[in-house]
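Asker: For reference, the chains in residue letters:
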Amino acid sequence: MSLTVLYFASLRDAAGRDSEQLPLPASLPELYMQLRERYRFPLPKEKLRVAVDGEFVAWDTPPRAGSVVAFIPPVSGG
Amino acid sequence: MSLTVLYFASLRDAAGRDSEQLPLPASLPELYMQLRERYRFPLPKEKLRVAVDGEFVAWDTPPRAGSVVAFIPPVSGG
Amino acid sequence: MKRFALSAGPLDAIVLRQRLLDPAAGACASFEGWVRDHHQGRRVAGLRYEAYPELAEREGEAILAEAMTRFDLIAATCVHRLGDLAIGDLAVWVGASAAHRGPAFDACRWIIDEVKSRVPIWKREHYADGDAAWLHPGA
Amino acid sequence: MKRFALSAGPLDAIVLRQRLLDPAAGACASFEGWVRDHHQGRRVAGLRYEAYPELAEREGEAILAEAMTRFDLIAATCVHRLGDLAIGDLAVWVGASAAHRGPAFDACRWIIDEVKSRVPIWKREHYADGDAAWLHPGA
Numbered sequence: 001m002s003l004t005v006l007y008f009a010s011l012r013d014a015a016g017r018d019s020e021q022l023p024l025p026a027s028l029p030e031l032y033m034q035l036r037e038r039y040r041f042p043l044p045k046e047k048l049r050v051a052v053d054g055e056f057v058a059w060d061t062p063p064r065a066g067s068v069v070a071f072i073p074p075v076s077g078g
Numbered sequence: 001m002s003l004t005v006l007y008f009a010s011l012r013d014a015a016g017r018d019s020e021q022l023p024l025p026a027s028l029p030e031l032y033m034q035l036r037e038r039y040r041f042p043l044p045k046e047k048l049r050v051a052v053d054g055e056f057v058a059w060d061t062p063p064r065a066g067s068v069v070a071f072i073p074p075v076s077g078g
Numbered sequence: 001m002k003r004f005a006l007s008a009g010p011l012d013a014i015v016l017r018q019r020l021l022d023p024a025a026g027a028c029a030s031f032e033g034w035v036r037d038h039h040q041g042r043r044v045a046g047l048r049y050e051a052y053p054e055l056a057e058r059e060g061e062a063i064l065a066e067a068m069t070r071f072d073l074i075a076a077t078c079v080h081r082l083g084d085l086a087i088g089d090l091a092v093w094v095g096a097s098a099a100h101r102g103p104a105f106d107a108c109r110w111i112i113d114e115v116k117s118r119v120p121i122w123k124r125e126h127y128a129d130g131d132a133a134w135l136h137p138g139a
Numbered sequence: 001m002k003r004f005a006l007s008a009g010p011l012d013a014i015v016l017r018q019r020l021l022d023p024a025a026g027a028c029a030s031f032e033g034w035v036r037d038h039h040q041g042r043r044v045a046g047l048r049y050e051a052y053p054e055l056a057e058r059e060g061e062a063i064l065a066e067a068m069t070r071f072d073l074i075a076a077t078c079v080h081r082l083g084d085l086a087i088g089d090l091a092v093w094v095g096a097s098a099a100h101r102g103p104a105f106d107a108c109r110w111i112i113d114e115v116k117s118r119v120p121i122w123k124r125e126h127y128a129d130g131d132a133a134w135l136h137p138g139a
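Protein chains in written order, with the numbering used here: chain A, 1 to 78; chain B, 1 to 78; chain C, 1 to 139; chain D, 1 to 139.
Worth flagging that the hints you see were computed from the coordinates, not collected in a lab. Backbone N, C-alpha and C define an ideal beta-carbon position, used for all residues, glycine too. Keep in mind that a hint or two might mislead.
In silico lysine to aspartate or glutamate, EDC-like type, Cα no more than 20 Å apart, as pairs [what the hints assert, rightly or not]: (1) B:LYS45 / B:GLU30; (2) D:LYS116 / C:ASP106; (3) A:LYS47 / D:GLU114; (4) C:LYS116 / D:ASP106; (5) D:LYS116 / A:GLU30; (6) B:LYS47 / C:GLU61; (7) B:LYS47 / C:GLU50; (8) D:LYS2 / A:GLU55; (9) C:LYS2 / B:GLU55; (10) A:LYS47 / D:ASP113; (11) D:LYS116 / D:GLU66; (12) A:LYS47 / D:GLU50; (13) C:LYS116 / B:GLU46; (14) C:LYS116 / B:GLU55; (15) D:LYS116 / D:GLU57; (16) D:LYS116 / A:GLU55; (17) B:LYS47 / C:GLU114; (18) C:LYS2 / C:GLU61; (19) D:LYS116 / D:GLU54; (20) C:LYS116 / C:GLU61; (21) B:LYS45 / B:ASP18.
If you only want the chain C side, here are some residues facing chain B, beta carbon under 8 Å, derived [to be verified]: (22) TYR49; (23) TYR52; (24) GLU61; (25) HIS80; (26) GLY83; (27) LEU90; (28) VAL92; (29) ILE112; (30) LYS116; (31) TRP134.
Chain A with its partners taken away, still in its complex shape (with noise of 0.2 Å):
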């Protein structure tokens, strides 16, 4: 029981890598604070939007296994 987690830009410079395969936790809002402990990630949850299998998705979506999840820091396209 595990998903994919992918990192962009700032914090995948702070978490060294692109991605990884992470246990299935509790809830997205609760994976994000145990990788911004683990990396220092300097940016809080509420800067940031979550994605599961390529679309945007609201923080109290459930974590599926197989799924692959991104944290989406403030985007600066353009």
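We have chain A; now place chains B, C and D onto it with these hints.
Answerer: Same frame as chain A, but now just chains B, C and D:
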């Protein structure tokens, strides 16, 4: 004592010419009213602007001998 | 260099755009007016633009100079075609570059609005039914 | 055809513009984002764009589809560069064509505003002093 009048767009079509020499008129509005009657210009003076020697001027600018007067119908560039 | 010009030949949007490039520019807004195939419900076959060139260039330059003072721009330019144009031809090109996109958009739109209202250029539309007419908006 | 795309190679404004041509179009507004040599007072030497491509393409398409319904458009397109860019390089191109200029301008501006706020693309600026930083506006 004369001036040159330039005709553009529908005024040129109605006058059948690009320009002509005319005796110095008492005023620019009077000049336009004479020409409007002669050539059946459909546009009343209020719809036009007037230019002298390549610059827009007020209708009450006194006509000058040797100058070039153009009556400017509503523009439609762009 | 002149910022406003009339052109008897086809406009090249790429060449015009080059004039706006600048290392300090982060944004470029441009507008192209194309000859379209309809006007107020009538089929248009083509059109002809004529100008009072001396006055049109003077007014056009005045508009571009005013744009440079009204908006925080790096560069701006406008070129208007004269002569016979076919459907799809580029009739007018406006471009404005700036550090940021707000002034670039605002200036580009302001310039085309001013050109359309003030510059002595007239359009004669040729309709599919063989008729033709000078356009004198508001007349 | 897709209306939004990411591009690993240089953007060609001329090719992109072709997509918007239509005999019924009288107006085309376009926006170009260029890499500029400064940001908040710092000298910028170059930058790198990265995306979450799957999500970026989905969001980008959603923005362009929404633009087609919000504005009276004929066509609209947007392409965003990824990878390493130098000063003066074209980073993003947006174009919108319409019968009239109002919707073309409004849509063009709305699209770039939405792309900048919603599409998961990130900019890493390289400064002249050797430093570099990811930009996370509002963070």
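Asker: Are the hints correct? Go through all of them and say.
Answerer: These are the hints, each one checked on the structure:
Proximity of LYS45 of chain B to GLU30 of chain B is assessed by CA-CA distance (about 10 Å); at most 20 Å being required, the pair is judged to hold. Only pairs whose Cα atoms come within 20 Å are accepted, and LYS116 of chain D paired with ASP106 of chain C is accepted, the gap being roughly 18 Å. For the hint linking LYS47 of chain A to GLU114 of chain D, the alpha-carbon distance of about 18 Å falls within 20 Å, and the restraint holds. Distance hint between LYS116 of chain C and ASP106 of chain D is fulfilled; the C-alpha atoms sit about 18 Å from each other, no more than 20 Å.
Among the hinted pairs, LYS116 of chain D with GLU30 of chain A is inconsistent with the structure: their alpha-carbon atoms are about 28 Å apart, more than 20 Å. At most 20 Å may separate the alpha-carbon atoms for a hinted pair to count; LYS47 of chain B and GLU61 of chain C exceed this at roughly 24 Å. Our distance criterion of 20 Å between C-alpha atoms is met by LYS47 of chain B and GLU50 of chain C, whose separation comes to about 19 Å. Proximity of LYS2 of chain D to GLU55 of chain A is assessed by CA-CA distance (about 18 Å); at most 20 Å being required, the pair is judged to hold.
Restraint check: the Cα-Cα separation between LYS2 of chain C and GLU55 of chain B comes to about 18 Å, which is no more than 20 Å; the hinted pair holds. In summary, the hint linking LYS47 of chain A to ASP113 of chain D is supported, as the alpha carbons are separated by about 19 Å, within the 20 Å threshold. Of the pairs offered as hints, the one joining LYS116 of chain D and GLU66 of chain D holds, with about 15 Å between alpha carbons and a cut-off of 20 Å not exceeded. Between LYS47 of chain A and GLU50 of chain D, the direct Cα distance comes to roughly 19 Å. Compliance with the 20 Å bound is thereby established for this hinted pair.
Restraint check: the Cα-Cα separation between LYS116 of chain C and GLU46 of chain B comes to about 19 Å, which is no more than 20 Å; the hinted pair holds. Only pairs whose Cα atoms come within 20 Å are accepted, and LYS116 of chain C paired with GLU55 of chain B is accepted, the gap being roughly 18 Å. For the proposed pair LYS116 of chain D and GLU57 of chain D, the alpha carbon gap of about 13 Å is at most 20 Å, so the pair holds. Our distance criterion of 20 Å between C-alpha atoms is met by LYS116 of chain D and GLU55 of chain A, whose separation comes to about 18 Å.
Between LYS47 of chain B and GLU114 of chain C the alpha-carbon distance is near 18 Å, which keeps this suggested pair within the 20 Å criterion. For the suggested pair LYS2 of chain C and GLU61 of chain C, the alpha carbons sit about 7 Å apart, so the restraint of at most 20 Å is met. Restraint check for LYS116 of chain D and GLU54 of chain D: the C-alpha separation of about 17 Å stays at or below 20 Å, so the hint holds. Between LYS116 of chain C and GLU61 of chain C the CA atoms are separated by roughly 14 Å; this keeps the pair inside 20 Å, and the hint holds.
The hinted pair formed by LYS45 of chain B and ASP18 of chain B meets the criterion: a straight-line CA distance of about 19 Å does not exceed 20 Å. A least Cβ separation of about 7 Å between TYR49 of chain C and chain B falls short of the 8 Å threshold, and the interface hint therefore holds. Interface hint at TYR52 of chain C: satisfied, since its Cβ lies 6 Å from the closest Cβ of chain B, which is below the 8 Å cut-off. The closest approach between the C-beta of GLU61 of chain C and any C-beta of chain B is roughly 12 Å, which is over the 8 Å cut-off, so the hint fails.
Taken as an interface hint, HIS80 of chain C checks out: its beta carbon lies about 6 Å from the nearest beta carbon of chain B, inside 8 Å. Below 8 Å, beta-carbon pairs count as interface contacts, and GLY83 of chain C has none with chain B, the closest being about 13 Å; its hint is therefore violated. Because the closest C-beta pair between LEU90 of chain C and chain B is about 12 Å apart, greater than 8 Å, the hint is violated. The beta carbon of VAL92 of chain C comes within 5 Å of a beta carbon in chain B, closer than 8 Å, and the hint placing it at the interface holds.
The beta carbon of ILE112 of chain C comes within 6 Å of a beta carbon in chain B, closer than 8 Å, and the hint placing it at the interface holds. Proximity of LYS116 of chain C to chain B holds as hinted, the smallest CB-CB distance being about 4 Å (cut-off 8 Å). Checking TRP134 of chain C against chain B by beta carbon gives a least distance of about 4 Å; that is within 8 Å, so the hint holds.
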